[in-house]
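A.B. asks: Chains as they are written, first to last, in this note's numbering: chain A, 1 to 121; chain B, 1001 to 1866.
Fair warning: there could be bad hints in the mix.
Once the Cα atoms are required to be at most 25 angstroms apart in a straight line, the calculated SDA-like pairs of lysine to any residue come out as [as the list claims (entries may be wrong)]:
no. : chain 1 : residue 1 : chain 2 : residue 2
1   : A       : Lys-88    : B       : Asp-1840
2   : B       : Lys-1460  : A       : Asn-76
3   : B       : Lys-1598  : B       : Gln-1827
4   : B       : Lys-1811  : A       : Cys-116
5   : A       : Lys-37    : A       : Glu-118
6   : B       : Lys-1523  : A       : Gln-89
7   : A       : Lys-94    : B       : Glu-1515
8   : B       : Lys-1706  : B       : Phe-1666
9   : B       : Lys-1567  : A       : Gly-63
10  : B       : Lys-1595  : B       : Ile-1609
11  : B       : Lys-1598  : A       : Gly-63
12  : B       : Lys-1057  : B       : Lys-1843
13  : B       : Lys-1478  : B       : Ser-1451
14  : B       : Lys-1706  : B       : Asp-1659
15  : A       : Lys-94    : B       : Ala-1457
16  : B       : Lys-1811  : A       : Arg-39
17  : A       : Lys-94    : B       : Thr-1069
18  : B       : Lys-1092  : B       : Leu-1026
19  : B       : Lys-1821  : A       : Asn-106
20  : B       : Lys-1460  : A       : Gln-77
21  : B       : Lys-1460  : A       : Gln-97
22  : A       : Lys-37    : B       : Val-1817
23  : B       : Lys-1679  : A       : Gln-89
24  : A       : Lys-64    : B       : Gln-1834
25  : A       : Lys-37    : A       : Gln-104
26  : B       : Lys-1088  : B       : Leu-1005
27  : B       : Lys-1567  : A       : Leu-99
28  : A       : Lys-37    : B       : Lys-1843
29  : A       : Lys-88    : B       : Ser-1451
30  : B       : Lys-1598  : B       : Gln-1566
Here are the in silico distance ranges between beta carbons for each label pair [stated by the list, open to error]:
no. : chain 1 : residue 1 : chain 2 : residue 2 : range
31  : B       : Glu-1805  : A       : Arg-111   : 34 to 40 angstroms
32  : A       : Arg-111   : B       : Glu-1581  : 55 to 61 angstroms
33  : B       : Lys-1706  : A       : Glu-17    : 53 to 59 angstroms
34  : B       : Asp-1820  : A       : Pro-47    : 24 to 30 angstroms
35  : A       : Glu-17    : B       : Asp-1066  : 36 to 42 angstroms
36  : B       : Pro-1807  : A       : Glu-17    : 14 to 20 angstroms
37  : A       : Pro-47    : B       : Asp-1751  : 30 to 36 angstroms
38  : B       : Ile-1793  : A       : Asp-114   : 45 to 51 angstroms
39  : A       : Asp-114   : B       : Gly-1448  : 49 to 55 angstroms
40  : A       : Glu-17    : B       : Leu-1331  : 49 to 55 angstroms
Read the hints as simulated data drawn from the structure, not as lab findings.
The model shown is predicted, which means the values in this text are computed figures rather than measured ones.
Backbone N, C-alpha and C fix where the C-beta goes; we use that ideal spot for every residue, glycine too.
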Amino acid sequence: MSDKRWINICSLSDLVENSGVCALVEGAKNADDLIAKDRQIALFSLPSMSEQVFAIDNFDPIGKANVLYRGMVGCNQGEPIVASPLYKQQFSLKTGQCLHEEAQVNTYPTRITDNCVEVLV
Amino acid sequence: MSNQLNVVVVGNGMVGHHAVEQLVNLGAEHNVSITVLSAEDRLAYDRVHLSEYFSGKTADDLALTDEETYQDWQVDFHTNAKVVGIDKQQQKVTTVAGDVFEYDKLILATGSYPFVPPIPGGDQDHCLVYRTIDDLESIQQSASCGKVGVVIGGGLLGLEAANALKQLGLATHVVEFAPQLMAVQVDAGGGRLLKDKIEELGVQVHTGKATQVIEAGEQCRYRLVFANGESLETDLVLFSAGIRPYDNLAREFELTIGERGGIVVNEQCLTSDGNIYAIGECALYQNMIYGLVAPGYTMAKVAAQDIIANHTNLIEEAPLRFTGADMSTKLKLMGVDVGSIGDAHGRTPGALSYTYENQPLGVYKKIVVSQNQKLLLGAVLVGDTSEYDSLLQYMLNGIELPNEPEALILPSSGEKPTLGADALPDTATICSCLNVTKGDIIDAVDGGACSVADVKACTKASTGCGGCAALLKNVVDKELENRGVEVKKDICEHFAYSRRELFDIIKVNGIKSFEELIESHGKGLGCEVCKPTVGSILASVWNDYILDASKLPLQDTNDNFLANMQKDGTYSVVPRVPGGEITPERLITIGEVAKKYKLYTKITGGQRIDLFGARVEQLPDIWSELIEAGMETGHAYGKAVRTVKSCVGSTWCRYGVQDSVSMAIFIENRYKGIRAPHKLKFAVSGCTRECAEAQSKDFGVIATDKGWNLYVCGNGGMKPRHADLFATDLDDETLIKYIDRVMAFYIQTGDRLQRTSVWMENLEGGLEYLKQVVIEDSLGIGETLENQMSQVIGKYQCEWKTTIENPEALKRFRQFVNSDKQDTNIQFVNERDQIRPARDHEKIQVVNIMDTNDAQKHKELALEES
Ligand code: SRM
Ligand SMILES: Cc1cc2nc3c(=O)[nH]c(=O)nc-3n(C[C@H](O)[C@H](O)[C@H](O)COP(=O)(O)OP(=O)(O)OC[C@H]3O[C@@H](n4cnc5c(N)ncnc54)[C@H](O)[C@@H]3O)c2cc1C
Ligand code: SF4
Ligand code: FES
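Could you put together the complete structure from these sequences and hints?
C.D. replies: Written out as structure tokens, the structure is:
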């Protein structure tokens, strides 16, 4: 079954413009996944982009730590990116693809409803 | 889509794995299915760095890949799957377990095995070899119940093995049949010096000794008896007497092999069977086995390209071919630098040589040149390999030697002929990974490329190991300059300016924010290169509070969280200890804080104490307690003044001539917090004995009976540089004035991440010019520089104090915006009574198990809903 749903994370003012915060989406929210892992999602606010808020996994698959939200955001040939704070590889905020090495993180759709930031998980 | 092509790779050593990588890259869109059959019980690992297993690396650290990666790549792999049969007609291979795999193309990457000379008694329990992780495990076990170890074989690998035995705590001997060590790479003179150096390190070397039998010993487990009747007792014997290609499959299933072994291959790395390739150490090309990893990688690439090109019928214009490889090597053996280039032994007819030997310093250098003394044929370097790179370029590119070639290896009394980018011929290989020559680069520039990035994009140069980046930049810049193009020193794609230019723009236009600057002088959103650069310029020009909301996005995590990020995402905490002086009360506070928050504690190399393992959300509490006790941030995270190291000085020391501690504390407090292009380190010594090592710092101060001597632009770190003596016998006031001026001038003109040492080396006019500017005030900016400093000095605030007083800033210090939970991936284990980050395999997976009642409720709800 497609059990993706919109999860309310925080209010828009909790985000930091041109920077990141991290959300915890707890596992085991419905009876079918009694044991499911918590998920850490990095949220980036880029007011100058049409998407405004991007969401990707917080786990850096290269540095192997939950740190991506603490990376610097910017762009590479127009593609919005975050650079891992550990070893500085850039990840596309749109696709989750690492632009420097063979690596990939998940991305999640976001939306803003009544000043609340929501993520589709 | 083309038909499926089955490629089977036998052997998953370094080269076999590289072939898989190449096939995955090239074959992605061409329906290529890859099967890997490995005789070992693990996937490929880094054999080149095998010895690091003894200095703490684990099998995981050495791994080149893992099962998940291969699964992601859709590679079908089997470990413990030694191949024992090949059916060339049916195109099938059989493994030892009887599994059969069909292939369209077969790649043999079976490598080699250590040769064990047939010495009677050489097959006993503690007679071992050095090739695989399993071998190292056996060696470790055997060493734990022995005292003495012998390596038979004094070649490159033998010496590496000897080092390992020494590290394991054994009294170590090397026994070599030839009259010298490393006879393949090094000549007799070099070998002699090498032997001396290695014996100095406590390893006994026995050259010219043939072992005849290994029998039971008296003091030790075994006794080696040599041909001349002498003997040597040992508990462990390690054979390192050369390698032999693993060519048994070729022998049994009738592929052509060489007279002395090795699977014969052609330039495409094809064996005598058109569907079977051989690569790496099992392959024999023109009677040569290449026992190094780089030629193996080239073979892997050649074979993979050939397979894909044939499969897709996209035959390239100039397909890659293996045509041999240069075997020059540079390495460090037990801390001794050794380099060998080309014809090290001078075997070319008519070859002449120049030799320089400095016994007291333990340096031996020889170059071998052609009869007409125009070309470099080879070289041997022991004890000092600093000329290796440029000698290698002379040899590889056939560059004409200077008139007195000996100048290339003599200690520099004056100018050493340097090898500029212009001197390289068009055929010179600039990037060896991607095989790009200087000619290719010139073509790219002629074709319109006008930056390093352009050249990279069209030639692919420097997209492999990256080792050629500096040389590539040199060549491109030079070519552009030659064409009259002004070479841009742009910091990144968002700003067409250098750091220096940005500094002036910000200052002159009074720009206060990144947005303002990118709006008026740049484009896009910025990146991790320009943002911190601008952040640091803004901080040094205006010295505002660093956590000011507008600066947050500009800074590296270390600056944002005012702490250094560690490998597991935790942070370290370093309070300032000016001059290294600290009261017992503060020591106790530090100890108590560390205890309370369970932090790992270590004395740093900079005379202070580092507390590791703090979670981001703990930082404000930890700092509140430290600040409460009167401590301040140490800026260990900032491009700012780190430490001012001091010796105890005249207050206590019977030789001290000035109070170095007071001066160090004064200096540290004066300059703390000021942002610069890179970090700054100082030291003050109380007399000429120099216990504070001031001459290795950006600013070094050494007491004299008349005042202070000031040294500038020293560096430790990656490329140490002794500081230059700048002025002598200064009084306190002049000393500070000069430091102010030099520092302000550096902050203004230094490039991003340029330490003062590199800044000085690039400063036109060098030390003399700096003296003129600072001491003689030749530019008339002396006072301005001082004013600039006094302005920023006046604005100092402890960033941590400001932070904990600011609720807005504190909001940043939490892992989650929507939860108070902790990051469960951060886990520690204990080692030597303190914590350390858990390694991957030590971590416990944390999962949420729902309360059963809760689960029941959910289920009911779910039922109702459906
Ligand atoms: C903690 C410490 C090692 C120790 O356990 O002793 C250390 C730790 C780090 N050093 Fe260092 N260095 C430490 C003394 C040194 C010294 C010795 C000294 O200062 O007397 C040197 C050589 C002297 C010099 O800088 O000229 C040194 C040369 C480096 C370098 C190379 C700089 C260079 O110019 O080549 C780097 C890399 C860099 O800065 O780009 C570096 C970078 C680092 C970083 C920041 C690497 C990183 O990004 O994680 C480490 C941060 C650890 C942390 O979380 O605090 N560290 N580092 C020492 C802290 C001293 C202090 O109290 O602040
Ligand atoms: C201690 C040490 C230090 C070294 N240092 C350096 C250095 O500094 N620089 C350098 O360039 N080189 C160095 N080398 C050499 C380098 O490691 C080799 O050149 C390289 O590993 C060769 O790779 P390969 O894949 O050809 O062979 P290997 O790495 O030997 O891999 C071959 C694999 O094939 C397997 N195999 C064999 N037969 C079969 C079969 N029938 N079926 C299935 N599998 C089979 C073997 O078990 C092995 O796992 C070093 C080697 C050692 C041992
Ligand atoms: S030398 Fe410095 S940077 Fe390197 S590991 Fe040690 S502390 Fe870290
Ligand atoms: S030499 Fe490795 S990338 Fe150029």
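A.B. asks: Hints the structure violates: just list their numbers, smallest first.
C.D. replies: none
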